[in-house]
Amino acid sequence: MKLKKYDYVIFAILALITIISVAIPFVFAKDYSKALVVIKVNGAEYKTIPLNTNSSIPVNINGNYNLISVENGKVHIEDANCPDKLCVRSGSISSPGKPLVCLPHKLTVEIEGVENKTDEIDVY
Amino acid sequence: MKKIQKLAFISVLVAQALILHIFEGMLPVIFITPGAKLGLSNIITVTALYMIGFKDTFVVLISRILLNTLLAPNPSGIMYSLAGGILSLLAMQLTKSLGKDNVSLIGVSVSGAFFHNVGQIIASSIIIENINIVLYLPALTLAGVGTGIFVALTANYLLKALKKLPIYKNLVDY
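Protein sequence lines correspond, in order, to chains A and B. Numbered per this note's numbering, the first sequence spans residues 1 to 124. Numbered per this note's numbering, the second sequence spans residues 1 to 174.
By construction, these hints were calculated from the structure, which means they are not laboratory data. Be aware that a few hints might be false.
Straight-line Cα separation of at most 16 Å, EDC-like style, residue types lysine to aspartate or glutamate; simulated pairs [as the list claims (entries may be wrong)]:
hint, chain 1, residue 1, chain 2, residue 2
1, A, Lys2, B, Asp101
2, A, Lys74, A, Glu112
3, A, Lys4, B, Glu129
4, A, Lys47, A, Glu112
5, B, Lys6, B, Asp56
6, A, Lys98, B, Glu129
7, A, Lys106, B, Glu129
8, B, Lys2, B, Asp56
9, A, Lys98, A, Glu112
10, A, Lys40, B, Glu129
11, A, Lys74, A, Glu110
12, A, Lys47, A, Glu110
13, A, Lys5, B, Asp101
14, A, Lys40, A, Glu110
The task is simple: from the sequences and hints, build the whole structure.
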């Protein structure tokens, strides 16, 4: 099967989209004085803890169970009773950006940074 | 093709798509990123698009998704499948309409795979109310290009084989 001219156009567009979306977080990267781990269920905040603590947080809502573990500045989902277990296999996150997701339980775990400067302005 | 023949053919395609879906579920999964899938059922969608046209392919797609939902352990997945499937089919129809001389099966299938991911990500970010899931798109796009090419190569063999059969000869627009 031979590739034709618009095939290359499609590949080029997809490559461009991928490169741009990978680059954006680097361009807008900021320094954070501290980072928070935000656990959301159904879009509503369930619990927020600082990233620099070592702890395990069990989330159990109507039998939907996820065990979230915060360790050495990294967060991962240790265990879950969802059917696909994709959240457990997603690995860990350590900076703001891509959230950990458990679609069947509508749960997300995100890291949110608290910015240095805006923090001080708020104080004064 | 008579109406009854078409109906039978659509049913066969739906059945094949279901079997491929079940078969895919039995394969050991190479984990790339959450949501990345081989998408074997898409072989049938692509093949159907080149044989019975957009409208009837839409029927095949919707029947397949509804029946898959009955077989699936988690019926809430239907929202993701519908969003991904419909967006993917629309994208493939648009790409295909660029003309046979301009775009090959690979281009059609890869754009279908990409928009399947886009549809599923839109559905997920609405359902769990978190737009940051969009950040999974780059990894899914890379996976989609790979699976899209695989689907295109497979559909290519299937269409070539079907073209040799006298009853399907006039049907295959490839």
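Checking each numbered hint in turn, tell me which of them this model violates, lowest number first. The structure breaks only hint 3.
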